[in-house]
Amino acid sequence: MLYALLGGFGVAALAPWLHQLFGRHSGWALAVWPATLFIYFASMLSGVNDGPVLIRHDWIPSLGIQLSFMVDGLSLLFALLISGIGVFIVAYAGRYLEQHQDLGRFYAILLAFMASMLGLVLSDNLISLFVFWELTSITSYLLIGFNHEDAAARRSALQGLFVTVGGGLALMTGLIMLAMVGGSYELSALLSQGDVIREHAWYAPILALILLGAFTKSAQFPFHFWLPNAMAAPTPVSAYLHSATMVKAGIYLLARLNPALGGTQLWLTVLGGVGAITLFIGIWLALRSTGIKKVLAYSTVMALGTLTMLIGLGTDIALSAAMAFLLAHSLYKGALFMIAGIIDHGTGSKDLRDTGGLFRAMPITAVTASVAALSLAGVLPMFGFVAKELLFESVLSSAAFWITMLVIAGTAMTVAVAALIGILPWYGKNAATKKTPHEAPPALLAGPIVLATLGLLFGLFAPLVDERLLGAAVSAVAGSSVTPNLALWHGINVALGLSALTLALGLCLYFWRDKFRHYTRFTDTLAKAGPERGYDASISWLVKISAWQTRFFQSGYLRYYLLIILLTFMALVWTVMLIHWPALSMGINLQGIQLHEYALVFVLVAAALAAARSESRLGAVASLGAVGFTVALLYVMFSAPDLGITQVLVETLTVILLVLVLFRLPGFLRLTSTALRLRDAMVASAVGITMTCLLLFAADARLYDSISHWHVAQSVPGGYGRNIVNVILVDFRALDTLGEIFVLALAATGVLAMIRLRAEDKSR
Amino acid sequence: MSTLLATAVGVLYATAIYLILRRSIVKLVIGLVLLSNAANLLIFTSSGLTRYAPPLIPEGADMVLNGVVADPLAQALILTAIVIGFGVLAFAVVLIHRAYEVVKADDMDQMKDTDT
Numbered sequence: 001m002l003y004a005l006l007g008g009f010g011v012a013a014l015a016p017w018l019h020q021l022f023g024r025h026s027g028w029a030l031a032v033w034p035a036t037l038f039i040y041f042a043s044m045l046s047g048v049n050d051g052p053v054l055i056r057h058d059w060i061p062s063l064g065i066q067l068s069f070m071v072d073g074l075s076l077l078f079a080l081l082i083s084g085i086g087v088f089i090v091a092y093a094g095r096y097l098e099q100h101q102d103l104g105r106f107y108a109i110l111l112a113f114m115a116s117m118l119g120l121v122l123s124d125n126l127i128s129l130f131v132f133w134e135l136t137s138i139t140s141y142l143l144i145g146f147n148h149e150d151a152a153a154r155r156s157a158l159q160g161l162f163v164t165v166g167g168g169l170a171l172m173t174g175l176i177m178l179a180m181v182g183g184s185y186e187l188s189a190l191l192s193q194g195d196v197i198r199e200h201a202w203y204a205p206i207l208a209l210i211l212l213g214a215f216t217k218s219a220q221f222p223f224h225f226w227l228p229n230a231m232a233a234p235t236p237v238s239a240y241l242h243s244a245t246m247v248k249a250g251i252y253l254l255a256r257l258n259p260a261l262g263g264t265q266l267w268l269t270v271l272g273g274v275g276a277i278t279l280f281i282g283i284w285l286a287l288r289s290t291g292i293k294k295v296l297a298y299s300t301v302m303a304l305g306t307l308t309m310l311i312g313l314g315t316d317i318a319l320s321a322a323m324a325f326l327l328a329h330s331l332y333k334g335a336l337f338m339i340a341g342i343i344d345h346g347t348g349s350k351d352l353r354d355t356g357g358l359f360r361a362m363p364i365t366a367v368t369a370s371v372a373a374l375s376l377a378g379v380l381p382m383f384g385f386v387a388k389e390l391l392f393e394s395v396l397s398s399a400a401f402w403i404t405m406l407v408i409a410g411t412a413m414t415v416a417v418a419a420l421i422g423i424l425p426w427y428g429k430n431a432a433t434k435k436t437p438h439e440a441p442p443a444l445l446a447g448p449i450v451l452a453t454l455g456l457l458f459g460l461f462a463p464l465v466d467e468r469l470l471g472a473a474v475s476a477v478a479g480s481s482v483t484p485n486l487a488l489w490h491g492i493n494v495a496l497g498l499s500a501l502t503l504a505l506g507l508c509l510y511f512w513r514d515k516f517r518h519y520t521r522f523t524d525t526l527a528k529a530g531p532e533r534g535y536d537a538s539i540s541w542l543v544k545i546s547a548w549q550t551r552f553f554q555s556g557y558l559r560y561y562l563l564i565i566l567l568t569f570m571a572l573v574w575t576v577m578l579i580h581w582p583a584l585s586m587g588i589n590l591q592g593i594q595l596h597e598y599a600l601v602f603v604l605v606a607a608a609l610a611a612a613r614s615e616s617r618l619g620a621v622a623s624l625g626a627v628g629f630t631v632a633l634l635y636v637m638f639s640a641p642d643l644g645i646t647q648v649l650v651e652t653l654t655v656i657l658l659v660l661v662l663f664r665l666p667g668f669l670r671l672t673s674t675a676l677r678l679r680d681a682m683v684a685s686a687v688g689i690t691m692t693c694l695l696l697f698a699a700d701a702r703l704y705d706s707i708s709h710w711h712v713a714q715s716v717p718g719g720y721g722r723n724i725v726n727v728i729l730v731d732f733r734a735l736d737t738l739g740e741i742f743v744l745a746l747a748a749t750g751v752l753a754m755i756r757l758r759a760e761d762k763s764r
Numbered sequence: 001m002s003t004l005l006a007t008a009v010g011v012l013y014a015t016a017i018y019l020i021l022r023r024s025i026v027k028l029v030i031g032l033v034l035l036s037n038a039a040n041l042l043i044f045t046s047s048g049l050t051r052y053a054p055p056l057i058p059e060g061a062d063m064v065l066n067g068v069v070a071d072p073l074a075q076a077l078i079l080t081a082i083v084i085g086f087g088v089l090a091f092a093v094v095l096i097h098r099a100y101e102v103v104k105a106d107d108m109d110q111m112k113d114t115d116t
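Protein chains in written order, with the numbering used here: chain S, 1 to 764; chain P, 1 to 116.
One chain only, chain S, in its complex shape (with noise of 0.2 Å):
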């Protein structure tokens, strides 16, 4: 299992050698590796009925991290699809980017997807999921920005990528408290825990962040707005990443957390509306669009939000309606991609408006396109219409009146869109292509063929298909045994009566549709207005936000800089000292100390302040002498004779060398304001005032034994030395001298360099 998902980024890191390598029939050939891991997934099938299969490795086992994976009918079934429509897809983009120069880069960055794609759906930890989850993120923004060159394709990659990534940090936070109530990362020990979860008081948090990553991945609304726009990528980017598989990592997740999080009146009303809403967004505006690719971007925005109502649902047919669904979409959706693209490749034309009559020139794929169709709108005997008959049953019998008006309406529109898609770029008059049409290549064709055949064949097989594939899958969505019992034929009910309706409003709506555009032209307005508009003002205010901070922190004035990181000190000293402040005593004692003492502080004192308060060079350089003078003599008052004498010998050499030197500058100036004076001598004092708290409360406290115990019993035995001081220096800690002697080196060279430059500079 891990070298088949960690082969995968072998695979796309090799992929752009084995494209010199095979030439033109570089797609065949890169196709031989998501078919073998399909023949692999495949493999598996018979044991999944038997309960999920988990697999461990360490990865970073001190903070239990594992890359642990579990096989269930869920996984697997998205395993399948991943690889399955995989093979074609590569097949497909050897031949549709053919001429594209970097076709080598394109097969890097969609191998690597697809691996990161398989790690997510199969991923038994919550932290391997989540990296894999950020992994497909990434490579959909390279791929949606693949034509980096156009700045509206680089632009959509943005804002996938910021919406996507947005979420997923949400997700992950989600994700981290999720197991600290669970108790652990991994996911097959988490959805036994669903009780203990739920009654936790961190269950609305933990559900909010975790549907913030679900709904951003999966172009919910309000964030449906990312995924049409991310049809600036290549067709087979379209077909895969943002149809057939990535956007449904959302619906994975929420699937797979459902046994743990799902349930509750919370989880139904969020799931149920939301879903309900996008359903009904997405095939609006599938509608009212043009493009081919945006009709059908925006159609799948509404199967996206069906997926998510009947997650929210949560009926035992509600989940076998979304599995059922989930999967039907993916045949025809991917197939309608891939058409989609064929049309571009073969006439030029991207636009609904600029097709007709195309059944002439490409009669296979017409019909393969018009079979396709057929399923998303839900006609007998196609796959699609067993999911919409589930789909009908389930919010009869347990979506809100609202809910059900909407999907009613929603799934007419389908019919229409399907009609769009099946009917109007085939039949009627020819329209002037840019190029002359011409039927697709086999690489082309194949993935449509074989996808939209499936989607027929499910549906003539439907009990087949329940029994291996889907009823393992739904019941690792409901955490317990469940019977799908999908079937072609329901008998005569009023999920049927509803599927007749909708199939005569929906084509009623075709026809009429030129109508319908007119009168719902309102509605553009308010999408202008819509969430769009939203993300463009913040991301303005990002830039304009960290425009400002980076202008304030970074002012180029090294007083700010010290006045930011002063007050940033204090306020968390303080902020520590007020916490823990019951516990604290000072250690104030002022017994015993003799005159000469409290006259030595003194003179400290005073000549620091002369020092800072004065005006003229010499008197500072004066005062600092005091200063340091003062503190030998405190030095050797206080058992310290070598600090004494180091200190007096440096000190000495310190007032020589300032009085050199300032001696060639000019006097102090008056630079600052009695105001910013103040403001300083304010921030100071209070460092001061910091610095000797800090000081009185460490006096009371020593938490562990000196380890100097051992440098006074050691000195004679060990250093043979009498003076404890110089036998820590050159024996027990000379390592570090040695470095002290190095950054004295150091400065010796520089003073020398720049007074050597110095002395060049006059000589010219």
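Take the hints with a grain of salt, since some may be wrong.
[Unchecked claim] Distance windows between CB atoms, simulated:
(1) P/K104 <-> S/Q591: 51 to 59 Å
(2) P/K104 <-> S/S673: 21 to 29 Å
(3) S/F602 <-> P/A53: 19 to 27 Å
(4) S/Q591 <-> P/A61: 31 to 39 Å
(5) P/M63 <-> S/A745: 31 to 39 Å
(6) S/A745 <-> P/A53: 32 to 40 Å
None of these hints come from the bench; they were simulated from the model. In this text, a Cβ means the ideal position worked out from N, Cα and C, and glycines have one as well.
Given chain S, put chain P in place with the hints provided.
Leaving out everything else, chain P in the frame of chain S:
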């Protein structure tokens, strides 16, 4: 006594920060000297103050006589710090002198440009 020294450390920090916040680069250097003194004294005070017990072992003995001795480790650290502080100061002083020769001003606001 540590209470008294803690106050002194506070004053040293305050004056050092005040000087570092000035525009004059000479004052900045003076502030740096004060700051290193303040830090050294902070470590010295917090390691505990001991009178009349330098960390020396008398001739002929293997150990300190009565067992109480000032903390030698803190002193070793401070000694290193004093010397390095001097190295940094020497470098800084030559640097500001050089900078003054180029910019002709003791004002950091005139040193914001990268090319001079």
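Quiz prompt | Non-conforming hints, listed in increasing numerical order | solution = Hint check: nothing fails, all pass.
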